[in-house]
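Join the two chains into one complex using the hints; note that each chain is given alone, in its own frame.
If you read the protein sequences in the order shown, they are chains A and B.
If you use our numbering, the first sequence closes out at 117, no skipped numbers anywhere.
If you use our numbering, the second sequence closes out at 706, no skipped numbers anywhere.
Please keep in mind that the hints were generated in silico from the structure rather than gathered at the bench.
No experiment lies behind these values; they were computed from the predicted model shown.
Any given hint could turn out to be false.
Unchecked claim - Derived EDC-like pairs: lysine to aspartate or glutamate, alpha-carbon spacing no greater than 20 angstroms straight-line:
hint, chain 1, residue 1, chain 2, residue 2
1, A, 60, A, 27
2, B, 698, A, 64
3, B, 698, A, 43
To be verified - What follows is a list of derived Cβ distance ranges for each label pair:
hint, chain 1, residue 1, chain 2, residue 2, range
4, B, 645, A, 101, 18 to 24 angstroms
5, B, 671, A, 104, 22 to 28 angstroms
6, B, 661, A, 105, 18 to 24 angstroms
7, B, 674, A, 23, 43 to 49 angstroms
8, A, 105, B, 647, 19 to 25 angstroms
9, A, 45, B, 633, 16 to 22 angstroms
10, A, 44, B, 651, 26 to 32 angstroms
Even glycine gets a Cβ: it sits at the ideal position worked out from N, Cα and C.
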Amino acid sequence: DVKVTQSSRYLVKRTGEKVFLECVQDMDHENMFWYRQDPGLGLRLIYFSYDVKMKEKGDIPEGYSVSREKKERFSLILESASTNQTSMYLCATQGANQETQYFGPGTRLLVL
Amino acid sequence: AQTVTQSQPEMSVQEAETVTLSCTYDTSESDYYLFWYKQPPSRQMILVIRQEAYKQQNATENRFSVNFQKAAKSFSLKISDSQLGDAAMYFCAYRPGGGADGLTFGKGTHLIIQP
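Same shape as in the complex, but just chain B (with noise of 0.2 angstroms):
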């Protein structure tokens, strides 16, 4: 079965500075995908970013981007100029190519901004 792992309950960062929160996931299939869920404080799951497993280049969406290292099954999103919007609960993913299977969460990790 398929797990996935984030290691930092809770992350702390300052107003405009960068944050990496850190994922890892075991799986023994080669085509998947990988995902980055945002979930603000009584709002609505909305998804970050998105990778798929073939592609080695690093998915990026303006301040958020992710290290894919496939080998090491690791899966960081970084934050780049963290802004007070982005306090919420993140929740890494995990679903297997093809089909319509579930995703496979995280327990997330939950990023404070500092003022």
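This is chain A alone, in the form it adopts within the complex (with noise of 0.2 angstroms):
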């Protein structure tokens, strides 16, 4: 079974701060994925990689950026946390010859 594990379940950070959210997996896949998840508003892509060191922007990649330094961790940093970016972050993987995608449990992030 394909293993998504993300390092915290719940966060809470101030206005400001740094936050690193981190997602690492254990199938030996090319391609990560980070998701923002808002009630009505569905998972919306922030930034993908496809390897080491690469990565590509999603839809929302405005106050965002990302770290791939080993193929298993793909790093999502938030580098002065605003209160808009209260919400639950997904990561996914997928192998470079798949079609489905295999997400991580979520981390739900409250910024006051």
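Next comes the structure, spelled out in structure tokens:
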């Protein structure tokens, strides 16, 4: 079974703090993704990566950056957290020759 | 840009009955994939069923089946013999074929199962 883990289930941060959300997968998948999920909006793609040190912007990259130094780990960075970044953040992974994305449990972030 | 529309924010069904969740999408691509994902309350998002656009046959997974109408750009999910464990948010999603693109999701349908 594919295992995707995220560093925290719940996180509370202050406005202006730098926030790191980490995602780790154990299936040697090339592709990794970060989404945010908001009620009534579904999931929206923030960034994705198809290889180590490679990244592509998704639909809503503003205010976020990412890092992928190792194949199994993909980090989402909020350089200066703002209240409008309060959300559920979901990581997903996908093999190069596969169609299905597998999701982590999510991190619910509250920015005060 | 691709869009995915789920027109039913909430659906309710009696246990053991059948329910159909609607999804329409818009794309100019000919090669793509469609998915239904399930997200139970406070639990992980999991894949329910997947459909390749080039396949005419509708996908089926046990009690879950789809009605894929490519010309109409419609992709509905039918759940037969509904069970209490089917209660969840259901998301329809689209991805173009080839490469490492992210999924485009609909806004979701909250499915309630009445005992």
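Unmet hints by their number, sorted upward, for this structure: Going through the list in order, the structure violates no hint and respects every one.
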